[in-house]
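Asks: The hints should help you fit chain B onto chain A, whose structure is shown.
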Amino acid sequence: MKKRLSWAQPEALARELGQATSQLLRGAQRLHAMPESELAIATTPKDEVYAEDMVRLYHYRPLVAKAQTTPILIVYALVGRYQMIDLEPERSFVRKLLGLGHDVYMVDWGQPSRAQRWLGIDDYVCGYLDHCVDVVCSRAGVDRINLLGICQGGVFSLCYSALFAHKVQNLVLSVTPIDFHGDKADPQKGAGYMNLWTRALSSDDVDRLIDAYGWIPGAMVGLSFMLMNPAGNAAKYSTELPRILGDDKHLLNFLHMERWLSDRPNHPGEVTRQWFKDLYQDNKLVRGEFTLDGRPVLLSEVRMPVLNIFAKGDLPVPNACTRGMAAHFGSTDYSELGVPGGHIGTFVGKKAQDILAPAISHWLGARG
Amino acid sequence: MSEPHSDAFSAVNQGLAQLWASMWPGALAAKPTTAWPAGMEAAFGGVADALGLGPSRRMAAATLALGEAQTRQNAAWLALLQLVAQRWPELVQRGLRGVWMPGEGTVAPGSMAEVLSLWASLADETAHDALHGRKGAEAMANCIREATAVQTARNQFSEALCESLNLPSRAEMDQAYLEIQLLKRQLRRAAAPVVPRQPAVKQAASKTPGRRSK
Numbered sequence: 001m002k003k004r005l006s007w008a009q010p011e012a013l014a015r016e017l018g019q020a021t022s023q024l025l026r027g028a029q030r031l032h033a034m035p036e037s038e039l040a041i042a043t044t045p046k047d048e049v050y051a052e053d054m055v056r057l058y059h060y061r062p063l064v065a066k067a068q069t070t071p072i073l074i075v076y077a078l079v080g081r082y083q084m085i086d087l088e089p090e091r092s093f094v095r096k097l098l099g100l101g102h103d104v105y106m107v108d109w110g111q112p113s114r115a116q117r118w119l120g121i122d123d124y125v126c127g128y129l130d131h132c133v134d135v136v137c138s139r140a141g142v143d144r145i146n147l148l149g150i151c152q153g154g155v156f157s158l159c160y161s162a163l164f165a166h167k168v169q170n171l172v173l174s175v176t177p178i179d180f181h182g183d184k185a186d187p188q189k190g191a192g193y194m195n196l197w198t199r200a201l202s203s204d205d206v207d208r209l210i211d212a213y214g215w216i217p218g219a220m221v222g223l224s225f226m227l228m229n230p231a232g233n234a235a236k237y238s239t240e241l242p243r244i245l246g247d248d249k250h251l252l253n254f255l256h257m258e259r260w261l262s263d264r265p266n267h268p269g270e271v272t273r274q275w276f277k278d279l280y281q282d283n284k285l286v287r288g289e290f291t292l293d294g295r296p297v298l299l300s301e302v303r304m305p306v307l308n309i310f311a312k313g314d315l316p317v318p319n320a321c322t323r324g325m326a327a328h329f330g331s332t333d334y335s336e337l338g339v340p341g342g343h344i345g346t347f348v349g350k351k352a353q354d355i356l357a358p359a360i361s362h363w364l365g366a367r368g
Numbered sequence: 001m002s003e004p005h006s007d008a009f010s011a012v013n014q015g016l017a018q019l020w021a022s023m024w025p026g027a028l029a030a031k032p033t034t035a036w037p038a039g040m041e042a043a044f045g046g047v048a049d050a051l052g053l054g055p056s057r058r059m060a061a062a063t064l065a066l067g068e069a070q071t072r073q074n075a076a077w078l079a080l081l082q083l084v085a086q087r088w089p090e091l092v093q094r095g096l097r098g099v100w101m102p103g104e105g106t107v108a109p110g111s112m113a114e115v116l117s118l119w120a121s122l123a124d125e126t127a128h129d130a131l132h133g134r135k136g137a138e139a140m141a142n143c144i145r146e147a148t149a150v151q152t153a154r155n156q157f158s159e160a161l162c163e164s165l166n167l168p169s170r171a172e173m174d175q176a177y178l179e180i181q182l183l184k185r186q187l188r189r190a191a192a193p194v195v196p197r198q199p200a201v202k203q204a205a206s207k208t209p210g211r212r213s214k
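Sequence lines, in order, name chains A and B. This note's numbering numbers the first residue of the first sequence as 1 and each following residue consecutively. This note's numbering numbers the first residue of the second sequence as 1 and each following residue consecutively.
In isolation and in its complexed conformation, chain A is listed as follows:
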């Protein structure tokens, strides 16, 4: 026991403090000298091929000869920026797909301003996303594309596939909430805070919230995620950062992730209203009551092959909200894949990275 508690001796404490101080000084110098080029994220070469309002469609330049003909359109969430899937060259989901010969497009939802506060999910799915799909089809000379949605982008992709099934060859959903009340029967401590918070509010509370703010500021979105693990997030800066200051590789990993985390877009008000009331509160998606542009979004219309990927340690989207959804879909070709790590770790974690892109590529390859 004495050995275990050696850190509590005054000399050991003084030594640790001294080491930490000199590490902090060296780290401060390193941070000061760090050029912007080292801090840049999402550096995989790409071209902007379409723009509408604040939305951009990017086409990634191929890294190898194209082996797959049907392009993949990746749809990220509105609560973060698309750069997460291309954080750094060694941890880039996009690069891995490109390396496997896929033709990859990406929707960047941009930074909505106050002017976009009235945008609803209808506008995103039946407007921007549909227009992007048309552009991808036109450029690739195909009738259908592979749609890969992530988190909230997965919900958008799912709605799109139900409404515009004739334009989607295969649907890949990743860390996507589908049954928003799934956590009720299978609560998981520390997970699903958004479900709990939203359900504790009344429908009128949500209306008042949206009417008062107009949108949900990006900083508030970021704060809500931080509050899911407040002490852990505080410790990240007080213990983890000083520890890695002398290790360039880990320091850059940390800084790249921080850059992504701090770039939270504002969330349009009407999208938030639908997201909270129709989905989190009323669970309309699996009940077949969700409508977009006046049309019902019926999951039974999703008849194309579906690959549903979940993160085993997902906290924002509990597994109970995303797993075991086959019965809701019209598709007879439904598969699930669990990857190690958390919600974001699915795309940046080492273990998940080794599994994810090859598994998706293999699944798509088998379906043409």
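Since the hints were derived computationally from the structure, they do not count as laboratory data. Do not rely on the hints blindly, as some may be mistaken.
Straight-line Cα separation of at most 27 angstroms, DSSO-like style, residue types lysine-lysine; simulated pairs [unchecked claim]:
(1) B:K135 / A:K277
(2) A:K284 / A:K189
(3) A:K236 / A:K351
(4) A:K184 / B:K135
(5) A:K312 / A:K350
(6) A:K46 / A:K66
(7) B:K184 / A:K277
(8) A:K351 / A:K66
(9) B:K135 / A:K189
(10) A:K350 / A:K189
(11) A:K46 / A:K249
(12) A:K184 / A:K312
Replies: Quick look at chain B alone, frame taken from chain A:
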């Protein structure tokens, strides 16, 4: 037996006191007043507005409302923290156990930094225990409600400020954005085919006016 003039004086005094109380409720009861009292408003509000003091008076009222809302918001956060703090003894127990008696497959911290990391993960675990019940969800929802009230009071202030500076207000701008958005939505729906179609691939990129394809 009292003097007649003394009775009259007392009656006038009482009448004035009642008038004062009706115009400035709370003043006689020595309670703090937080809003422009109804009686004063009825008597002098119109003339104050006519003199151009309307926006200033609304800003003053909004400032008071903002202060009250912020106080309630602080109380909501405190209630949430209290809920977590009630679990403090449990956290200490868990911490001591983590340091002294690590479980199977876990290692006792070997440095102060590791102790801090351990404490952070235990603190979050304890907070999850506190917040995952009905009380926790209600406390968090209350924080959101009070944050909404603060924002509403800020909006009232900014509306009055914009009015005083002859600027378009937040609500007016929102209304303009809404009209633009509704028009754009109508355009989009008008451009979309009524029946789901087999895509005309070649024309797809340029079907909607106002969009840029590169």
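Asks: Quick one: which hint numbers does this structure break? Sort them smallest to largest.
Replies: Hints that this structure does not satisfy do not exist here, as all of them hold.
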